[in-house]
Structures are given as C-alpha cells and as structure tokens.
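Enquirer: Spelled out from the first residue to the last, the chains are:
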Amino acid sequence: MGYNIGVRLIEDFLARSNVGRCHDFRETADVIAKVAFKMYLGITPGITNWSPAGDEFSLILESNPLVDFVELPDNHSSLIYSNLLCGVLRGALEMVQMAVDVKFVQDTLKGDGVTEIRMRFIKRIEDNLPAGEE
Amino acid sequence: MADETLFQLLHTEVVAAAYGGGRGSGDEGQRTGLTVLEGMGFRVGQGLAERLPRGALVFREELDTIKFLCRDLWGAVFRKQTDNLRTNHQGTYILQDDNFPFLTQMAWGQQYLEEAPKFLAFTCGLLRGTLSALGIESSVTASVASLPVCKFQVVIQKA
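Line by line, the protein sequences give chains F and Z.
Residue 1 is where the first sequence starts when you use this note's numbering, and the numbers rise one by one after that.
Residue 1 is where the second sequence starts when you use this note's numbering, and the numbers rise one by one after that.
None of these hints come from the bench; they were simulated from the model.
Just so you know, not all the hints are guaranteed correct.
Calculated cross-link-like contacts (lysine-lysine; reagent style BS3-like; alpha-carbon spacing at most 30 Å) [to be verified]:
#1 K80/Z <-> K151/Z
#2 K38/F <-> K110/F
#3 K80/Z <-> K67/Z
#4 K34/F <-> K80/Z
#5 K38/F <-> K158/Z
#6 K118/Z <-> K158/Z
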C-alpha cells in the first residue's frame, strides 16, 4: 500500500516543493528529512549513522505522528504499524530512479525510545529507452 | 501541512485493499467491500467527533449539528465546506458537494459512475460515525448523478 502511495506522492511533492535533482545520496537524505517529512507530517527527523561508504543512513523520528493515539495490543505485538512509511519512501524514490531498501530498526510502539528507519541505497535505475531515441 | 493529499492517496489505497484479493468480484464481494469501507469510516467518524473543536457550541437543534458536519467536519477532512444543504425539516438532510475531493481526480461527467459508490462508502460511514458520537443515530447513503458532484442523504432515526 505504501509503495502505491509513494509512487503518486512524489509527483505531488515535486510540484509543491520545486526542488531540483539531487546530486548524491546525502542530498537525497537531506531533502527527505527536511523538506518532505516537514511538508507532509510536520516533523523533521534527524539523519544519523551514515555508513562509511555513504550509501546507508538512519532517519530518527523523536515522535511519529502516525502513532499518536495508537497502542499495540498483545496479540499483534510484532506488527510494524508504520510500515506504510517504508513503502512510501521506497515507491517515491523508485520514481526518481533510485532503488532503495527501507526498513524499521526501532519503533516507539514497541517500547524503543525513538523511531529509527534505515535507508540503504541499492542502485540507480537506468531508464530503458527504446532503440533509436536519445 | 499538505496532508489532504496524504489522506486522498491513503483512501485510494484503502478502497483498493478492501476490494483486493478476489474479494471484490461479484455482487457479494461488492457489498462486503462497501460494508468494510463504511465500517472504517464509522470508527474514524466516532474518533474524529471527539477531537474536533466544538468550542462553546451548543447544538440547540438537529440542524445545528448538521451544519457542524457541513462546515467543521468537511473542513477538517477535506479542507472545504459542502456546497449545499437541503432538508425537509422532518429528519432528512441532503448534503451536496459539487467538487467532492475523492472524485475530482477521477472524471467529469458520466464516466466511472458505477465505480463512484466505492469511493463514497467511507465518507458515508464518517458522517454516520460522527453523528453517532454526537448522540444521533442515522443512516447515510450517497448518490452521484455526475462526477464530481455528489449528494449524501442523512436520515435521522427517531428514538
């Protein structure tokens, strides 16, 4: 579900924010945290834990607006409630030619202090243009 | 905050999910899908009724409550107000929205008329849930003559 939302959300985001193309993954991370999250959810997550190769980082959310009124019941204690967010990020970035892997590392719903989402750059997606074009 | 887009996109996915997995095929599937969506809307409406600021509003009569729905509930959820309200003063109200946000992106006119009810079910439940939390039992149906104009008919159940 999140993936489908992300695929459409990116257009809305680009239309509203008018940011240009990002030159590297660090810039992408900045734009996601400072512009996109702020615009749609009203929060600015922190960016930390960069891997030495510069292709993985963590988004730290002090508070997650999606779970303001939510508690996980016992029979669903392993549910990743906000996994929608991961799909949204993955779908949106795929539409701008970046394949990424997004997953939850910490979740306040499960008792952790903060919510941490880990994003890993896999590769740049090359557009397959039909022969004869470009 | 640009969250009306978020809600629209989420709603589209929820409708798809309610009908997905082979559940949506046939009349039986259609009814189940609509019931699921209406149920979701109902619970959201109940929660929303408690959170919406009502200030010192005292609903002296039913009409005030319905006007609250048209102005404040619609404003909170869709960032606009309903365009028209009609009543027969005997418990039936028709709320008309000439530019219903879930339908504006789909089509203008008669195209997709059969699909429209799926996108209205959640909102019917939303109205019913909000009224229920405010102490009024009702039944809500929606009709579309031509996208994106739609009418929600609220019939108050007399105790």
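Enquirer: None of the hints should be skipped; say for each whether it holds.
Expert: Structure-based check of all given hints:
About 15 Å separates the Cα atoms of K80/Z and K151/Z, which keeps this hinted pair within 30 Å; it holds. Distance hint between K38/F and K110/F is fulfilled; the C-alpha atoms sit about 24 Å from each other, no more than 30 Å. For the given pair, K80/Z sits about 13 Å from K67/Z by alpha-carbon distance, which is consistent with the 30 Å threshold. The suggested pairing of K34/F with K80/Z holds, with an alpha-carbon distance near 28 Å, which does not exceed 30 Å.
Under the criterion of a C-alpha separation no larger than 30 Å, the hint pairing K38/F with K158/Z is inconsistent with the structure, at around 46 Å. Simply put, K118/Z and K158/Z have alpha-carbon atoms about 28 Å apart, close enough for the 30 Å limit, and the pair holds.
Hint 5 alone, counting from the list given before, is not met by this structure.
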